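Number of protein chains: 2
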Amino acid sequence: MEILKERLRKEGIIKNQEQLLIDGFLDCQFDIELFNELGKEFKRRFADLEVTKILTIESSGIALSCITAQYFHVPVVYARKTRVFSEDEEVYIAEYLSAKTKTMQNIMVPKKLIDEHDKVLLIDDVLETGCALAALYEIVVNAGALVSGAGVAIEKAFYSGGEVLREIGTRLESLVIIESMDAEDGTFVFR
Amino acid sequence: MEILKERLRKEGIIKNQEQLLIDGFLDCQFDIELFNELGKEFKRRFADLEVTKILTIESSGIALSCITAQYFHVPVVYARKTRVFSEDEEVYIAEYLSAKTKTMQNIMVPKKLIDEHDKVLLIDDVLETGCALAALYEIVVNAGALVSGAGVAIEKAFYSGGEVLREIGTRLESLVIIESMDAEDGTFVFR
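Protein chains in written order, with the numbering used here: chain G, -6 to 184; chain X, -6 to 184.
Please note that the accuracy of each hint is not assured.
Identical copies go unnamed one by one, so any copy, or any two together, can satisfy a pair.
Stated by the list, open to error - In silico BS3-like pairs for lysine-lysine, Cα to Cα no more than 25 Å straight-line:
#: 1; residue 1: K(-2); residue 2: K74
#: 2; residue 1: K93; residue 2: K105
#: 3; residue 1: K33; residue 2: K8
#: 4; residue 1: K36; residue 2: K74
#: 5; residue 1: K93; residue 2: K74
#: 6; residue 1: K74; residue 2: K95
#: 7; residue 1: K33; residue 2: K(-2)
#: 8; residue 1: K(-2); residue 2: K105
#: 9; residue 1: K8; residue 2: K95
#: 10; residue 1: K93; residue 2: K112
Worth flagging that the hints you see were computed from the coordinates, not collected in a lab. As the structure is a prediction and not an experimental result, all values here were calculated from the model.
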């Protein structure tokens, strides 16, 4: 997706071979006009998909999911990382290794928010190890619902996440796939 | 705002005099169509306001902020509760008492994302003690920027947050103000 590649070339800061700073438009600050283009593109690529709900994980995934949901006309549910639910609230729990904090974390979704009739589209901003998306996948399966597909804005192909998700049969759409990045001259190789 | 009152009457679960469960449409699951109505209403109420940026706090505030930003044509910045920034990233920090976890927490915003030219609209979903909004306010002031106003979907008037924010001179717009709620018969008194 050219518009996103262009933005990465202009504003993405390559810290090293693996780390990319995109907090000016995709991560900590959201360019909502850009997000609308990304949302439209998800809808174009998943035009044939039946979707009743978008599921994401806090925090930055929420922004892209909400803008994208407007093109699918479905609500957004997000998995929480801390338990703020009341005692009597039944939740689905899945565990994953957080790339940011390097610790095992639980994510939780109230049981009442996903059921066996749901066809769920998973959305996140960046795909690295895929641990977060795999945990969302597990929650959907435990709810007896269907994972329709998964969409990410940026896939870093030098991590295994994309490969793992495709292997388990997920229909994954990555709007931009980065094969490699060079911190010295600030260039990307896109797939 | 009648549409939101109606939704509270139908789907809000009053746990006790202070606690309200709205995770079916405003908190953990987002009804994006409703959010568009809320965003439009913020724009109507703040029609005369100069806004260059919307600032919110993770996580659920992000959803309402992103949809609302479409009516103001500005980007959204969110304050993080955990430090995931790189070592060399300069951040504004403010401390607040979290109503959910009952502990003092830091929130952080990269310095490069707000500057003295910004006119900032603060957005959040629910206003109780106002501690989170006050911390956002502090960050904007420390950045030398201006707080144009603050908008919340629901203000619980039996907490002091609304009063405190108005006292410090914030132009606060609450789309629905709950004076009291009755857990026994499930009714609300709106202002």
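> So which hints don't hold here, by number, going up?
Replying inline: Going through the list in order, the structure violates hints 1, 3, 4 and 10 and respects the others.
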